Amino acid sequence: MPILSGQKKSGSERSPKHVQGAGPGVKKNTATPPLPAPPSPAVGGPRAAPTGGRRVVPPRQELIFHCQLAHGSPTKEIKDFTNVKELYARIAAAFGISPDQIIFCTLNSHKIDMTKLLGGQIGLEDFIFAHVKGTEKEMTINKTEPALGLTITDNGAGYPFVKRVREGSVVAQDEAATRVGDLIVSINGRSMVGLRHFDVAKTLKELPLYQEFSLRLVEPQRTFGRLRVCVCVCVCVSV
Numbered sequence: 011m012p013i014l015s016g017q018k019k020s021g022s023e024r025s026p027k028h029v030q031g032a033g034p035g036v037k038k039n040t041a042t043p044p045l046p047a048p049p050s051p052a053v054g055g056p057r058a059a060p061t062g063g064r065r066v067v068p069p070r071q072e073l074i075f076h077c078q079l080a081h082g083s084p085t086k087e088i089k090d091f092t093n094v095k096e097l098y099a100r101i102a103a104a105f106g107i108s109p110d111q112i113i114f115c116t117l118n119s120h121k122i123d124m125t126k127l128l129g130g131q132i133g134l135e136d137f138i139f140a141h142v143k144g145t146e147k148e149m150t151i152n153k154t155e156p157a158l159g160l161t162i163t164d165n166g167a168g169y170p171f172v173k174r175v176r177e178g179s180v181v182a183q184d185e186a187a188t189r190v191g192d193l194i195v196s197i198n199g200r201s202m203v204g205l206r207h208f209d210v211a212k213t214l215k216e217l218p219l220y221q222e223f224s225l226r227l228v229e230p231q232r233t234f235g236r237l238r239v240c241v242c243v244c245v246c247v248s249v
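Mapping to this note's numbering: the sequence shown position 220 is 230, numbers consecutive.
One should not assume that every hint holds.
What the hints assert, rightly or not - In silico DSS-like cross-links for lysine-lysine, where the CA-CA straight-line distance does not exceed 30 Å:
1. Lys-147 - Lys-121
2. Lys-153 - Lys-86
3. Lys-89 - Lys-173
4. Lys-212 - Lys-143
5. Lys-95 - Lys-173
6. Lys-153 - Lys-143
7. Lys-143 - Lys-89
8. Lys-126 - Lys-143
9. Lys-153 - Lys-95
10. Lys-147 - Lys-89
Calculated from the structure, these hints are not laboratory results.
As the structure is a prediction and not an experimental result, all values here were calculated from the model.
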């Protein structure tokens with residue numbers, strides 16, 4: 011039962027209490043607190059090593075991805091990368107090529123499909139296809155309209171390339187000239203390598219109207235088309 015203020019308690023009932031500077035009649039508590047019991051050994055095995063109260067974090071699982079060159083190659087394992095440049099370096103090392111040979115990567119499709127472009131995230135089940143440089147070409151285009159009809163993106167590692175060609179536009183008049191996936195190397199001799207896609211788009215937009223300009227591109231290496239196999243059946247008749 012709690013002791014209310016104003017009530018006196020006999021000396022025999024007073025609990026020992028340590029009071030700094032207490033006078034006679036007040037008993038100081040000088041008893042030594044008991045020592046903690048030693049830790050008991052682990053049941054069924056040796057005593058666990060002390061961790062100092064810190065939480066033991068298990069080692070992080072190593073992430074391994076599978077990759078092929080889009081035009082055809084064996085499958086390689088890719089790991090230990092944290093950004094696009096490191097990814098391209100790991101792919102290049104795995105296939106024995108230079109990192110600057112890689113234009114872009116697609117996920118789960120070897121085709122030049124801009125809806126499958128590698129973005130900021132890769133899932134553990136994603137299969138990487140690297141599209142490397144193929145044929146280089148240069149053309150002259152007359153800018154007869156303010157908009158050329160090109161949608162440009164970049165791979166995050168310094169390579170701008172064509173993402174879309176608008177049907178009926180200036181550059182679409184010659185289908186073989188500018189194609190989706192083409193790396194934009196230079197415009198009028200000025201290098202575009204190392205620029206972001208919006209810088210390249212600005213350069214094209216600022217070109218004078220009704221004047222020709224040169225465009226140097228590199229196509230991604232493409233897969234071989236299906237070969238037609240003719241099977242000839244010979245019927246031998248004995249006479």
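* Keeping to a limit of 30 Å between CA atoms, is the pair of Lys-143 and Lys-89 held or broken? -> With a Cα-Cα distance of about 23 Å, the restraint between Lys-143 and Lys-89 holds, given a limit of 30 Å.
* Asked: Under the criterion that the straight-line Cα-Cα distance not exceed 30 Å, is the pair Lys-212, Lys-143 satisfied?
  -> Measuring from Cα to Cα gives roughly 24 Å; hence the hint holds.
* Asked: Keeping to a limit of 30 Å between CA atoms, is the pair of Lys-153 and Lys-86 held or broken?
  -> With a Cα-Cα distance of about 44 Å, the restraint between Lys-153 and Lys-86 is violated, given a limit of 30 Å.
* Lys-89 paired with Lys-173 [C-alpha distance capped at 30 Å] -> Holds, at about 27 Å.
* Distance restraint between Lys-126 and Lys-143, which requires alpha-carbon spacing of 30 Å or less -> Cα-Cα ~18 Å, so holds.
* Are Lys-153 and Lys-95 close enough, with their CA atoms no more than 30 Å apart? -> 34 Å, violated
* Decide if the proposed pair is consistent with the structure: Lys-95 and Lys-173, CA atoms, cutoff 30 Å inclusive. => Holds, at about 20 Å.
* Asked: Taking only the CA atoms, is the gap from Lys-153 to Lys-143 under or equal to 30 Å?
  -> Holds: Lys-153 and Lys-143 sit about 27 Å apart, inside 30 Å.
* Are the Cα atoms of Lys-147 and Lys-121 separated by 30 Å or less? -> 21 Å, holds
* Restraint check for Lys-147 with Lys-89, where alpha carbons must lie at most 30 Å apart -> 34 Å, violated
Hints 2, 9 and 10, counting from the list given before, are not met by this structure.
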